[in-house]
Amino acid sequence: MASNSLFSSTSPMLYWGEAFYFTFCAPYTVVKCQQVPSPKPHQPEEQEVRAPLQQHGASSQRGLVHTDSPNFLCSILPQHWRCNKTLPRAFTVVALGNDVPDGVVVTVMAGNDDNCSAELRNATTTMKQGYAHFNDLRFIGRSGRGKTFTLSINVLTSPPQIATVHRAIKITVDGPRLPRPDRRSFPSSLWSNESSFLGQVTSLTSSFTSAPRLHHLP
-18 MASNSLFSST
-8 SPMLYWGEAF
2 YFTFCAPYTV
12 VKCQQVPSPK
22 PHQPEEQEVR
32 APLQQHGASS
42 QRGLVHTDSP
52 NFLCSILPQH
62 WRCNKTLPRA
72 FTVVALGNDV
82 PDGVVVTVMA
92 GNDDNCSAEL
102 RNATTTMKQG
112 YAHFNDLRFI
122 GRSGRGKTFT
132 LSINVLTSPP
142 QIATVHRAIK
152 ITVDGPRLPR
162 PDRRSFPSSL
172 WSNESSFLGQ
182 VTSLTSSFTS
192 APRLHHLP
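If you're matching positions, the sequence shown starts at -18 in my numbering and goes up one per residue.
Hints are computed from structural coordinates only; laboratory data are not their basis. Positions of the beta carbon are idealized from the N, C-alpha and C atoms, including for glycine. If a hint is listed, it holds; no wrong ones were tucked in.
The calculated label-pair distances, taken between Cβ atoms and stated as ranges, are:
#1 G84 <-> I121: 21 to 29 Å
#2 G84 <-> R148: 27 to 35 Å
#3 S139 <-> L159: 46 to 54 Å
#4 L68 <-> D95: 17 to 25 Å
#5 G84 <-> V154: 32 to 40 Å
#6 D83 <-> R63: 31 to 39 Å
#7 R161 <-> T138: 42 to 50 Å
#8 R161 <-> S139: 49 to 57 Å
#9 T107 <-> T145: 15 to 23 Å
Listed next, the in silico DSBU-like pairs over lysine-lysine satisfying Cα-Cα at most 35 Å (straight line):
#10 K109 <-> K128
#11 K66 <-> K109
#12 K128 <-> K66
Throw the hints in and build the complete structure from the sequences for me.
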């Protein structure tokens, strides 16, 4: 007599679903019931996420500093420099984004309260592959005694972008000077015997001085 049971067949039978699959090796016996893992969306690996950050960190190690704009970095300038003198390294502006195409003009300006627009030389260049190299940038104008220049980097995109570096560099006529010798750096014995040495010199000079002659009136 025919049976209406689903498991009446003696032959192995497989059933596949969207999320589960069942394996039957014998009648009335369920061997395995396992969920089929669904494919996960692609997630960026940790190296892919850290790559821009590592590149950004490497830029700061190559002698670049941040500006007040998050889109630009620039070379480190010396704290004190002589006017009309070549910088120790070429001044460079780095664009971090992709919104600055090649050929865009980049200019540099400097100023402070005493000299609002200092004279510069070779202060214009163009952007190429995210870098703007200034060939022999020179500061002609002076910042004044005890004062520094604020640097303004103008990237002539549409609209223009401006990056500022405060207290960027100090420019004077003579540039940085060597420190003056400190009197306290000499051995103390040289100055402790100063009074005795002066006393000996005084006694020697007094010995050569003739005694005053007294004249008696008649």
